[in-house]
Every structure is written in structure tokens, then in C-alpha cells.
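Student: Next come the chains, spelled out residue by residue.
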Amino acid sequence: MIRRQRWLGPVMFMPAITYILALVGVPFLMAFLYSVSDAKVGSVSYHYVGARNFISILHNPAFIRSLKDSFVFTISSQVLVLIGANILALSLKDAFPGRRFFRFLILLPWVAPVSIGSLGWKWILDSLYSVISWVMVRMHLVNQYDTPMWLGEPKLAMMSVILVHTWHMLPFATVIILAGLTAIPKDIPEAAAVDGAGFLRTTFQITIPMMLPIINVAVLFGAIFTFTDMTVIYILTRGGPYDTTQVIPTEAFFAGILGSDLAEGAAISIFLVPLLIVAAYFVLRSAHRAEVT
Amino acid sequence: MARRRLTKVLPRIVMWLVRIFFAVVLAFPFYWMLITTFKRNTDLNNLKNNPFLFNESPTLDHLKLLFRETLFPRWVLNTMGAGLLVVIITLLLAVPAAYALARLTGEWGAQLGIGVFLTYLIPPTLLFIPLSKVVSFLGLQDSLWSIIIVYPTFTIPFSTWLLMGFFKSIPRDLEDAAMVDGLTQWGAFVKLMIPMSTSGILTVVIFAFTLVTQEFVYALTFISSAAHQTVGVGVPTFLIRGDVYYWGSLMAACLITSLPIGFLYNLFLDRFIEGFTVGAVK
Amino acid sequence: MAVVETRKLNKVFKRGNVGAVVNVDLQSREGEFLVLLGPSGSGKTTLLRMIAGLEEPTSGDILIGGKVVNDLTPRERGIAMVFQSYALYPHLSVFKNIVFPLKAQGVAKEQRQKQAEWAASLLGIQHLFERKPRELSGGERQRVALARAIVREPSLFLLDEPLSNLDAKLRASAREELEQFQKRIGTTAIYVTHDQVEAMAMGDRVVVMSQGAVRQIGTPADVYDEPADTFVATFLGSPPMNILAGPDVIVGFRPEHFLPPGVAERLGDHISFGFQISHGEYLGAERVLYGTIAGGAFDGRKAVSRIPATHAVAQPDGSLQTFAVALGDVKFFDPVTEKRTARRSIPA
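Chains as they are written, first to last, in this note's numbering: chain A, 1 to 293; chain B, 1001 to 1282; chain C, 2001 to 2348.
Warning: the hint list may mix true and false statements.
[Said to hold, decoys possible] Only some residues are given here: those of chain B computed to face chain A with a beta carbon under 10 Å: (1) 1040; (2) 1052; (3) 1055; (4) 1076; (5) 1077; (6) 1080; (7) 1084; (8) 1085; (9) 1088; (10) 1094; (11) 1130; (12) 1154; (13) 1221; (14) 1235.
No wet-lab data here; the hints were simulated from the structure.
Yeah, the Cβ is synthetic: ideal placement off N, Cα and C, and Gly gets one too.
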């Protein structure tokens, strides 16, 4: 009886697969096609130009700097997220009064729309009215008339953008790592205690190694979301000051959408693909590993 | 005795300090939104005032401005309407797909499931350029329909994967028993699996909805006029007149947007983790 | 000197009192295999964990080697523990699992190697050193867990139902291995189980627990042949002891002492019962007969008899027979306290 309706399976997933092929697969290919063309918004002309766009992009020092900044942005925030999420997860593992409320607070940066959270930070980091500056002035760390331009001075702007993105990603990583922590059977840390391991040894030699697969997942996803994100930077600095906080996605947006040059925008965004391929490889590998064990 | 007490109390204190530190750092901006919403402009703009206090009496002016003189209510409606439609489309496509991949297809079904999930990793910042052409080709530019059509491209992969996990956790025996009792495979799906998965389906609804509210790039790209915009893009874009930021109303808008979603998410977080780890650890 | 001692040990849990421990006084003997036996919720695991230092007592003292250890961490108590799931570190090889406790104590590398090899050779697992736990069978995992436990040469072994996760076929051979292992190394061991067959087979002494309290401590013979109360009497032995409750007295006798006519006559002083057999089971080595007592003070009470198949004379289902128990095999219990009392007269 089960065999007879063999066609049911494919019929049931066909709509979803078709949808994705049409609105993800096709555009994905189009991105490549645009990147080797001279397409512009508003015109229907299309001419194949080979690698011309890529060459001109790679010769542009501004783009090279954006590429570098993409990595700086991603790696810095991911490192901070990793350390922070592990510490936070450890502190949330055991039940304590008010845990639900704390969880609500801690989730807010991830749950609220990114643009909204970033806007909140824009106000907090305002060059005149920043509450952080106010505190620093009161602590006599800076002069009242010389408060830092958190989003207006290149190094500070980069730092601010990294910190806001870290702030946004931290809850996500924490939740995943916490799930990994609670999946460790209770008797493993007990065995470690009986074996004589103290807190540090247990954490670094037992707990964290056991969580490595899940930490991998959190880092992988975090890296992808960070590398391909444009929202935080767009809201906070628009890529400024003087293009010092541009990253690949924002460059693609400014060129392709605001600049109406589809070909250039597409070519820039293609630079996201290598990372995606590497990440996809690792995702597949850990999925395969999970099946084996 | 004293040593034992110290080694027990010290870790506890450190734990609490960690918790409070992170809670403050993570939630502070929202607290700041709250305060700013109710502070008078004269209070906000006076550098001599302590920003942590209400130096003048609180006011509802920013809220009034937000609701009476801006398109904020419109944006909220737009977002909720679009969200609803996106959720419906997602459910219609993802629920059967997840079932088919979890139950009806064996080996290659699992692979296909992973493939579907991988498409979630293809970023909007890569697809938005070709999609903008597709959108204009369909004549949907500057219309909410553009995002209603495009958003399922990321809600479907994610929801399918979540639901696959949920479906897999229901024992096969139940369906077999139903079919022995006379139901067809499709009947077993509709009358047994779906009712048993209401928890999973509800989780998917919530998360698809929150994915819609959080989205920024597509809405920014496809929709240009203020009247058709969503909340996530409207607030940062249109609440600024020239170079002047109306921080009071801005923060009011942010606050109203963040908190309800926060509550919802918190309620369903456990289910989400269940689905996530069930799907991932399989 | 007792290796382990507990004095008036109590544990109260805040939510409900399942698994709590009530006023336990216990003294182990050097080198013995002491079994904590009881149903789930009897407190036996809680008791073990308090001795290990994984659970804090509400009141009372725990002594190891004559020293009060209440405030010492598990590490400082010089004990080793084998968990129900074995708790092997899944990401470490067998070798690394075994040396982990030595590393934690700061033992030097060559010494660690030597001790690990010694422990592994005792259990015959040197060839498994490079494997990971998930590649091992259940029996092999038990041996690795034992090797890890013994590598520190602890003064006390604690085992929490290590056989319950093994499938039935494996259990018997694993049990034998465990027994021999403990005898060979001679370290005192405290073993928790709910399986009374395991307790009888392995224990030098058995501590029978129920609802947090100790009902009886004794050798397997003590607790089986001279149970202290009806709980011990019915918990040990399968099928359990026949307990017949009368108005002034509770009478108990084991199924294997409840003998058919023919055999009964050869017993000296004995008590006879009318036995209405309802059905019998032929189990190959023995026959088990189920029925009810007919007539007398215990009329209508259920009873079971167990006869070796080699001695069996056919007792047809549905028949009414006269079965008897030797007087020495009849145990008397007080109807109120359910504790053992001296012989009483049985109402007619």
C-alpha cells in the first residue's frame, strides 16, 4: 500500500523545490551572467564582456580595501562572539531564579530587527549626545568638547561597527552553544570531578572539546551571516567615513542598486561566493559526520 | 569548613556577575530606547543634563508624533500583512515538502533536504541584484508584493529543515498503524501528522514571521516609496527629515517594534532549539 | 577499621522526597563487595552519590578510612566511580580516557604510561588503546570504565548499576568479570542495583533499602533465609515469598518450601494447607504452581509453589491438594510493624 503512492513524495516537495529553483537558483545564475556583462538597470541590453568587470574591480584600491575590511569585520566579530557566547552559555547552563527573564533580555539584540537595533546604537554612539561619551567625560577620561566621534572617525567607526555586529550576533551563538552544553550527559562532568579534574581542566579538556561540533556550526553560520551582511554598516555609517567601513555587500549595493550598474554590482557580490562554498563544504561535512555517529 | 564555603560561594558570585554583565550590555540599547521615547527634546538636547535621569517631566509627544504625523502605523500594517501572506505561502509549500523529504524519499531525500537548507545560506546581498531585475520584469517594483514573493525564498528552506526534524521525531509506527487502519499515505499526512505537529508548525509560523519583520535588504532594494515600506526599512529611512534625526520618535518606533517580537520569540525559543538540535544532530 | 562508614545519614530533597535517604547507619568491611539493593526511589543511588561526594547530605556524617569526609570534594576522597552509562569521554581515545585521572593529579608522563598499561592489562584491553568509546562494545566499555577507575588505585570503588545498560546475554558474563575483578584487586566496592539476582550473586553483604531507609544488612543467606521484615522477604526471591496475612499474625514461606503431598510427609514438624491449584507453568528446570489457600485462617489467599521438575509429580490444574511447609521454614511477622517476630501459633 505504501509503494503504490510513490509519486506522492515528489508531488509534495515539487512546489517548494520549484519555488526555490525559480527564485534562488535562477537569480544565482543570473548573478554570474551579469557579472560578465555590461548590464545596467533600466536598459535591456546585455553584452558579454568576459572578465572585464572583475579586472577593473580588482584594480580598484577601494575595492581591495573593502575586501580586506570584510575579513577584518568578520573575523573580529566572530572571535568576540565565540568567546562571549561560550562564557555566557556557561553562566546560563544551570537553573537560577529569573532565568527566563534574563533569557528574554539576552535574546533582544538578535530578535529585534537588525536595522532597529543598529538605529538604537546610532543614537547611543551619536557624536554629540552619546551616553557613552557622557560617562567618559564624567570619569574624566575625555574632554567635554572633544568627545569621540564614534561613527565619524575611521578607526572608531570600524570598531563601533564590529562591536554592534557582535552585539547582534551574540544571542544566536549563545543559544546554539547552550544547546550543545545541555546535550552533554550529566555524568560526564561528574566522572571528571571524581577523576580529580577541577573547573578549568573540565571546561577546556572535556566540555569544550565535546561541544566542538556545535561550536563549529555556530561559527560557520555566524561567519556567513556576518560576511554577507550589509545592514549594520548601512545604518551606522553608510560605509563611511570616507569609505573606511565598506565591505563587499555594501559595495555591491552602492554600485549595483544605487549606482544602477548591475554588472559591476553583480561582479562585486560574486566575491562572496568563495566563502559560501567553503562554508557549504564544512556544513556538509559536519552533517555527514553527525549521520555517522 | 570555611574553605569549602568559599570554594562554593565564589563561583556563584562570578556566575551572577557574568550574567548581569551580559544582560546589561545586551539589553541596554532597548532600555535606552525606552528612556529616550519619553524624554522631552529639550531634555535630550541639553548636554549638561544627566542622560540617565528624567531632568524634565516625561512626555508622550514623541509617541503622538510617531502615530499621528508619520507613516509608522502604515508600515506596521504593511509588515504584518506581508508577514501573514508570507507565512501562509511558506506553510503551504514547506509542510508537504518537509513531510515528503522526511518520510517518503529515503536516502536521497535527506540529501535533498540538506540541499534545500543550503540555499538558506545564499545571501540576499548576492541575489538582490538579479532579483531586482526579476521584480521589475514582473512589474512588482515598489510594491509589497515584491517582498511577499521573494521572502519565501528564505523562509521555506529554513522552515522545511525545521519541520523535517519535527516529522522525523514522530515514530513511523503511528503512520503505519493509521495506514493499516485504512488511511492512505496522504490521509495519514493530513489527519495524523499535521495535528501531531501543531507545535512544530506553530514554531515555524513564529519564526517565519520574525524572519519577515527582521528583513532589511530586499525591502530596501525593491520598495522605494514610503507608503509601501515595511517597518524595518521605513523607520531608519523615512523618520529622518533632511539631516535631522528625530531621536525621540525614532526610539519610540524602535521600542514598539522590538518588544512584542521579543516576547513572542522568548515564548517559542525552547521549541526552536528542539527543532534545531533534532534536525542537526540527526 | 571500616573503609566506609555512614552515621545517621540523611538527605531531604526540596521537591518531593523521591530518592531521599533516611537515617542510614552503615559500616563496610575491608575488601568486601557491598551491594545496595532496592527498588527505584529507595535512595540507594542517592546514598552512593553522597559517599562519592556528588550529593550533599542534609545531616549526618560520612567517613572514609576513619576520617570524616563531608567537606571533601570527590577528588579528595580517594574514591573511584563507575557510572551506569560508564561516562567515558567520547572525544578521547581509550588510552586518554584511562590516563585522564592521572593527568588531573599531575602524574608524570612515563609513570602515567606504566600505570595505564598495568590497569589495562588487568582487564585485557591493551589492544583497544587507540579506539574511541563509540567503537567499543558494551562489555569493552565496561572494562575501560573499570580500568579508568582502578588506575588511581583508589581505596574505595563505587558502582552505580553498571550492568543495567547491557543486554541480557552480555549481562551474565559481564557480571562474572566484575566479580572476579573485584576479588583479584581486593578493593572495597559498593555496588548499587535493583536486581536482586545480581545482589545475591555478587554481594558479600547486601543492604536492602526501601523508601530511603535500610531494612536489613546481611549476607545473601541472611537476607534470603532470615528476612527482617516483609519487604525484604518479598523483595528477594522470584517468585517472592508467600505472605499470608491473618488477623493476629503474618505468616511467610518461600515457594520452594511449599511442598506437595508425598514430599511433605518426610518433613519433620510441618504445617499443612489446603491448596487449590489454578494453573501451573512448566519452566524446564522447575514447575511453578499458582493457586489459593483453601480452608483455615488464610482461606482465599494467593500462594505459589515451586518444585524442581526432577521431583515433580503431576499436580493437575484445578485440583485441591494438601501442601505443607516445614515448621523451620515458616517465618512469622508482626501484623502491625511487618517485622520478623518469634514463632506464634497459627489460628485454625
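Student: Compare the structure with each hint and give your call.
Tutor: Hints, verified against the model:
Checking residue 1040 (chain B) against chain A: minimum C-beta separation of about 14 Å lies over 10 Å; hint violated. Residue-level restraint check for residue 1052 (chain B) holds (minimum Cβ-Cβ distance to chain A is 8 Å; threshold 10 Å). Of the supplied interface hints, the one on residue 1055 (chain B) is violated, with its beta-carbon coming no nearer than about 13 Å to a beta-carbon of chain A, more than 10 Å. Because the smallest distance between the Cβ of residue 1076 (chain B) and any Cβ of chain A comes to about 12 Å, over 10 Å, the interface hint for this residue is violated.
Interface restraint check: residue 1077 (chain B) against chain A, minimum CB-CB distance 16 Å, threshold 10 Å, status violated. With a least beta-carbon distance of about 13 Å to chain A, the hint placing residue 1080 (chain B) at the interface is violated under the 10 Å criterion. A least Cβ separation of about 17 Å between residue 1084 (chain B) and chain A goes past the 10 Å threshold, and the interface hint is therefore violated. Look at residue 1085 (chain B): its Cβ only gets to about 14 Å from chain A, farther than 10 Å, so that hint breaks.
For residue 1088 (chain B), the shortest C-beta to C-beta distance to chain A is roughly 13 Å, which exceeds 10 Å, and the interface hint is violated. The interface hint given for residue 1094 (chain B) holds, since its Cβ lies 6 Å from the closest Cβ of chain A, which is under the 10 Å cut-off. The closest approach between the C-beta of residue 1130 (chain B) and any C-beta of chain A is roughly 4 Å, which is under the 10 Å cut-off, so the hint is satisfied. Restraint check, residue 1154 (chain B) versus chain A: the minimum CB separation of about 8 Å is within 10 Å; hint holds.
Taking 10 Å as the C-beta contact cut-off toward chain A, the hint placing residue 1221 (chain B) at the interface holds, the least distance being around 6 Å. The beta carbon of residue 1235 (chain B) comes within 7 Å of a beta carbon in chain A, closer than 10 Å, and the hint placing it at the interface holds.
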